[in-house]
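Asker: Go by the hints and put chain B onto chain A.
Residues per chain are reported as follows:
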Amino acid sequence: MTRILVPLAILEGESVSAGLVDLLAPLDVVVLGYHEVPEQTPPDQARLQYEERATDALADVAAEFDGGGTAEYRLVFTHDREQTFERVAAEVGADAYAVPGATGPVDRLLVTLTGDVAVSRIVSFVATLVGDRDIGVTLFLATDDEPGGRELLERTAAPLADRGVDVGTELAVDEPPLEALLDAAVGHDAIVMGERAPSLLSLVFGETAERVAAESVGPVLVVRRVEDEEDEEGEEAEEDGEAEESEERGRDEDGNGPRGSDRPSPDQ
Amino acid sequence: MGEPPPSATGTNVEGEAPLIEPTIETEEATITDDAELERTLGLPGGLSIGIGTMIGAGIFVFPGIAAGQAGPAASASFAIGAVVALLVALPTSELATAMPKSGGGYYFISRALGSLAGAVVGLSLWFGLVFATAFYLVGFGYYAVDTLAEVGVAVGEGPVIPIAVLAGAAFVVLNVTGTENAAKLQNGVVALLLSILVVFLTVGGLDAVGLIGEPATPERFAPFGPMRVFTTAALVFTSYLGFAQVATVAGEMKDPGRNLPLAMVGSVLVVGVLYVATIFVATSGLGSDTLGDLGETAMVEVGRHYLGPVGAFAIVFGGLLATMSSANASVLSTSRAIYAVSKDALLPRGATRINLRYGTPHVALGMAGGPILVLTATGRVELLAEVASFLHLLMYGLMCVALIVLRRDEPEWYDPDFRAPGYPVVPALGAIASFALIAFMQPGSRYVGAGIVVATAAWYVYYARDVDLKGAL
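As given, the protein sequences belong to chains A and B, one line each in that order.
For the first sequence, numbering that gives the first Met the number 0 gives the first residue as 0, with consecutive numbering after it.
For the second sequence, numbering that gives the first Met the number 0 gives the first residue as 0, with consecutive numbering after it.
Isolated chain A, as found in the complex (with noise of 0.2 Å):
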C-alpha cells in the first residue's frame, strides 16, 4: 500500500480540504501533527502545556481520513520541522507526502517532472493515486533541451495512457522552471512533485515544494526521495550521515514496508 505523510501545524489551526481528503483516500495517511518551539523552550514544556488540545485536533483530521485506505496520527513536538518529517517520513515508510492547500474536488493533477527527480517513481505513485477513478494528469516539464523533453514526456505517459488515464503533457523550453510551472498550474487543483536534494535554492527561498503550495494555493503532492536512487542518477548531492542512518533506521523498524524489503542498505 503506498503511504503519504500529511504534516499539520496542528496547534495553528492547520487543516485539510475536502478535495484533498477525497484525493488521498486510496492512500495510507499518516496525519503528522507537529508544533514547531523556539529555542528557548524545552519541546516537553510545549506538550505537557498543549498535548490534550492538539490530540483532539489531529484526532478530529484522523477521522475524516477513514476512507479507502487507513489513517493514523501521529503529534511531535519540535524545535525543527524539517527534521521531524524526514524522521517521521522513515519510520512509517512514507512514500510522499502533502503539503496541504485548499482545493475542491480535484479533477485534474499538475505533474511535474522538472529538475533531478526520480521521474519512475513518481509515475507509479500517481497510477496508484489516481487508480481507476475519473481524475485527469497532466505531465510538465521544464527544460532547454527541447527534443529530449519532448521524448521523456511521451516515455512518461505512455503507461500512464495504457492504465487509461486521461493523460497530457506540457513543455516548457527555455523558461524559468518555477514561473512555467506556476502558469501551467491554472486550470489544475493540486500538484506533484518529486523531492530533491537540498540545493542552494532551496535553502535560500525556502522548501522548493512549500512555495509552489503557497504560490499555487493548492495542495502539493511530494514524492520522498530514496537512498538508492542516488546510485542510479549519479551526481546527486549525497545526504548527511545523519539522514542516512535514520532512513536506515526507518526501514529497519518497518522491514515489511512498502518499500522496505527491495531497498539495498547504503553501505552495500
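Since the hints were made in silico from the structure, they are not lab data.
Source: prediction; values computed, not measured.
From the three backbone atoms N, C-alpha and C, an ideal C-beta is built for every residue, glycine too.
Where hints are given, some of them may not hold.
Here are a few chain A residues that sit away from chain B, every Cβ distance over 12 Å (derived from the structure) [unchecked claim]:
| # | residue |
| --- | --- |
| 1 | A89 |
| 2 | R132 |
| 3 | R149 |
| 4 | D161 |
Covered stretches of chain B, as calculated for chain A (at least 3 residues, CB under 8 Å) [said to hold, decoys possible]:
| # | stretch |
| --- | --- |
| 5 | 332–340 |
| 6 | 352–362 |
Answerer: What follows is chain B alone, placed relative to chain A:
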C-alpha cells in the same frame, strides 16, 4: 535506554503533584504516551552550548583580576578549575546518559538523593545561573565601554552598569519574543571566538617562549603563595560553569549516549586548555601587576601588546561576543531549570506557562530576568562570580554523590550508555574537590551562598514537603 525512575508521589501546598509520565528514549526522539519530542541538537550544538557558556568569563574578564590575586600562578588556578570540572564532568556525563532529560543536575540529584536535595539544588541552580548571568552582563558592560574607548569615545567607567542592565533587559525581551536561529548564531560566535583566540595564542605563545619579540623579565611564579592560588581557583571557577548546561538540554540532544559525554568532557578540555594558555601568555606579556591594575578588560591591553591596535580591537570584539553568548546561554538555562523544578511541583505550575504567540516560557524568563537585572545593578563582579560558583559547586558535589549512591545500589532503571571511568575514585574526588573549592571562597560569598541554600530548603519545607521524587533505589 531504560525506563525512567517510575515513582513520584505527594503534592505541594497547592495540591499539584509532580508530572511524571512513562517515556521511551530513542536516539532521535523521546516518546511519551501520545506525543513525541524531537531531539534536534547534534554534537556541534552541544559543544557550542558548553563552550559558548564557558568561554566568556574565563578569558575575557578574569585574567586581570586573577593575575592581580595570584600572579603568574593564575594559570595554575585555572588548571585546578579545569581538573575539578573534569572530575565532575565525567560523572555528570554518566548521569546524563542514564537520564537524558531536561533539567540536568537538578533531575539527577532529585532522583538519586530525594526531593529535599533536589529542591535545594534546583532552586539554587536557578539563583546560581542568575548570579552567573549578572556577572557576564557586568563583564559585557566593561567591554562595551572599552569598545567606545577604542573608537575614540572615552566615557570612563560610569556607564558600565547602566549598559549592563540595559543589555540584560534586551536579552530577556529578545528571549520572550523569540530568538530564531540563535543556536546557529551561537555556533558562529563560538567558531569566531575560537579563531580569534587561536591567532592570539599563537602569536603570544611564540613571544612568551622567547622566539619573537623582546625577552620578558621573568616573574616569581606564585608571588603570593599557594593559598592565593587556591582562592583564585575558587573565584575563577565561574569560568567552568558551562559544561553542566549541556546536561540541561539532554532531552533535546540526538544520540545522547554518545553526544552528551563528548560535548561535556570535550568542552571542558577545550576551554581548560585555552584558559591556561591564555593566562600564561597574558602574564608573560604584560606582567601580573600591570594586568591586575587593568582589571576586567586587561585582555584588551594584552591584545594590543602582541598585535597592536588590531589585536586590541579583536579582543574587544571577542569580549563583547563572548560575554553576550555566555549571558544568553545562561538565561536560556535558567528558564529550563525553573521548568524542571516546576514540573516536579516544587514551584507553582504557572511557572511553566508558555505563551502561544511566541511559543516562549515567558513566566520562567521573567523569573530569571528580574533578579538578573537587580544583581547586575550591584556591579559586584567578584561577589557575583563567587556566589555563582558556590551554588554550582554545591550541585557538582552532590551530582558526584548521586553517582556513587546510584552505582552502589543500582536500581533497575539505571542503565547509562556511558560509564564514567575510575569509579569510585573519580566521583569521590570530584565531590571532595567541589566542596573544598567552596572553602576557599571569600566569607561574604559563602554567606550569601549559604543564605540562598537555607532559603531554598525553607521553601521546600513550606511548599512541597510532601513531594517525593526519589527514583526507586
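Asker: If a hint holds in the structure, say so; if it does not, say that too.
Answerer: Going down the list of hints, with the structure as the test:
The beta carbon of A89(A) sits about 10 Å from the closest Cβ of chain B, which is not more than 12 Å, so the claim that it is off the interface is violated. Distance to chain B confirms R132(A) as a non-interface residue, since its nearest Cβ pair spans about 34 Å, more than 12 Å. A cut-off of 12 Å between C-beta atoms confirms that R149(A) is not in contact with chain B; the least separation is 44 Å. The beta carbon of D161(A) is kept farther than 12 Å from every beta carbon of chain B, the shortest such distance being approximately 42 Å.
Here the stretch 332–340 of chain B counts 3 residues with a CB under 8 Å from a CB of chain A, which clears the bar of 3, and the coverage holds. Taking a C-beta to C-beta cut-off of 8 Å, the stretch 352–362 of chain B contributes 7 residues in contact with chain A, enough for the three needed, and the coverage statement holds.
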